[in-house]
Amino acid sequence: MIELRNVHKAFGPNKVLNGVDLTIARGESMVIIGGSGTGKSVMLKSVLGLVTPDSGSITLDGQDVTTHERDAFLARFGMLFQGAALFDSMSVWENVAFRLLRGRLKRPKAEAREIAIEKLRRVGLGPQVADLFPAELSGGMQKRVGLARAIAAEPEIIFFDEPTTGLDPIMSGVINELIREIVTEMGATAMTITHDMTSVRSIADKVAMLHGGVVRWTGSVAEMDATSDPYVQQFIHGRADGPIPSVR
Amino acid sequence: MTNALSGFLAGLGRPVLEFLALIGRITLFAAQAVGHIFRPPFYWREFGQAVMQIGWFSLPVVGMTAIFTGGALALQIYAGGNRFGAEAVVPQIVAIGMARELGPVLGGLMVAARVASSIAAEIGTMKVTEQIDALTTLSTNPMKYLVAPRILAATLTLPVLVAVGDSIGIMGGWLVGVTRLDFNSATYLKNTVDFLQVWDVGSGLVKGAAFGFIVALMGCWHGMNSGRGAQGVGAATKAAVVAASVLILAANYLLTEVFFSA
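As you go down the protein sequences, you meet chains A and B in turn. Using the working numbering, the first residue of the first sequence is number 1, and each one after it goes up by one. Using the working numbering, the first residue of the second sequence is number 1, and each one after it goes up by one.
Calculated directly from the structure, the hints in this document are not laboratory data. It is possible that some hints are incorrect.
[Unchecked claim] Ranges of calculated distance between the beta carbons of each label pair, as one might list FRET restraints:
| hint | chain 1 | residue 1 | chain 2 | residue 2 | range |
| --- | --- | --- | --- | --- | --- |
| 1 | A | 177 | B | 10 | 52 to 62 Å |
| 2 | B | 35 | A | 154 | 26 to 36 Å |
| 3 | B | 38 | A | 170 | 48 to 58 Å |
| 4 | B | 228 | A | 177 | 27 to 37 Å |
| 5 | B | 13 | A | 241 | 48 to 58 Å |
| 6 | B | 17 | A | 139 | 36 to 46 Å |
| 7 | A | 72 | B | 232 | 29 to 39 Å |
| 8 | A | 10 | B | 35 | 23 to 33 Å |
[As the list claims (entries may be wrong)] Capping the alpha-carbon separation at 20 Å, the derived lysine to any residue pairs in SDA-like fashion look like this:
| hint | chain 1 | residue 1 | chain 2 | residue 2 |
| --- | --- | --- | --- | --- |
| 9 | A | 206 | A | 240 |
| 10 | A | 109 | B | 145 |
| 11 | A | 109 | B | 48 |
| 12 | A | 109 | B | 51 |
| 13 | A | 106 | A | 75 |
| 14 | A | 106 | B | 140 |
| 15 | A | 15 | A | 216 |
| 16 | A | 106 | B | 64 |
| 17 | A | 206 | A | 2 |
| 18 | A | 106 | B | 44 |
| 19 | A | 106 | B | 201 |
| 20 | A | 106 | B | 88 |
| 21 | A | 106 | B | 228 |
| 22 | A | 109 | B | 39 |
| 23 | A | 109 | B | 44 |
| 24 | A | 106 | B | 72 |
| 25 | A | 106 | B | 2 |
| 26 | A | 109 | B | 41 |
| 27 | A | 206 | A | 234 |
Ideal placement from N, C-alpha and C gives every residue a C-beta, glycine not left out.
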């Protein structure tokens, strides 16, 4: 279980998080929605320790994430970055098997490659892709490789940062479906940031809306559709008029 | 009046404080990087690649720089020496000039241009495209994986480059001496070898190691602290080369003062 309590973070005068409270239960797929620049990425990076909050606590299974032994802690996570963030100096399979080629999960090269190819297959890419370099792949394929890398070491918790941004609607659908399937079959806890409502509907068990640096609303997808909260309503229907200013 | 005065003083003080803070941050960064060099895990593959990139592929540019410098030096010393009948010192001065000063300094500057820029651009791009964050989430410390191998590789390979540069530079002087200035080949070489002392060469190699450290440190620091987007990476690259070059020249003066002042 991941718990954020009263998390604050500012960059200079710009207060990004203003007391975020959020609980993600084990095995749950939580989707965070909110406009651009509302601190979704900062929140996600705070949980991973890539950003250090100014105050508040973030715990994983009751233990503070900052006091965890770093390696052991991060070994439980997988993350798909917005731009896939593949290492362009390495081939596709070396990217996928990155964790399996070094550190505490290190195993023989042949075995790591085999696992990588299996993970690539899982995300719908054939073995011929394994020896290509990231720059030779389309955006959709890069996302899939990023997804394969995120799941390569069978993490308990997977983070997805805007998984469908920049993809065409069909590829978005494919990625959404993959995420849902993988999260279900691995029994993983998932946290996804998106402003793509199709993603929300296909991935989410629960939805949280971030606005003004706080979690403004949480509930299931059905509750989201039924809620009278004007912020949520404006966001999910993509209206220019409403409490959320359109010029930010 | 007091307001204007305190405003003026604050305006003076702020950049000074910022500069001191910057020095502090770079020092901590360097200390951290050096710490990672000595603590496992070691990324040998990354170290090997860095040695190739920084050392091996810099050989042509360092060699070219050295041979032309050695040649020009021989001509200048001949012309200068000619004014008081001291043309014969060409081999000795070329040797000492290359080994003590020009080999390490010009080698360092050429490597700064080639390597500090490429390290800063590469790491900066990795930062901008979230590859550095990705490394961290994959349980790999970027300081250990990216910075430490490059700093170690540069510190170890630059002395070798300097040694090669010294030899080629002296050879450039010899070539010009023999073909253009009517020196006897064997005498030129003998004068060079007899004159040079171990510390002439050794001090240059120590300088080389220091310059290598500076080059990689500046490349890594500016890359890791790169701003966003193409502009951020461009600025980081430029800053890395400028900072590395200036620091090399400053360090060269300091080291020369330490090694050779009476």
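Okay, which hints does this one fail, numbers in order? Hints 9, 12, 16, 19, 20, 21, 22, 24 and 25 contradicted; others consistent.
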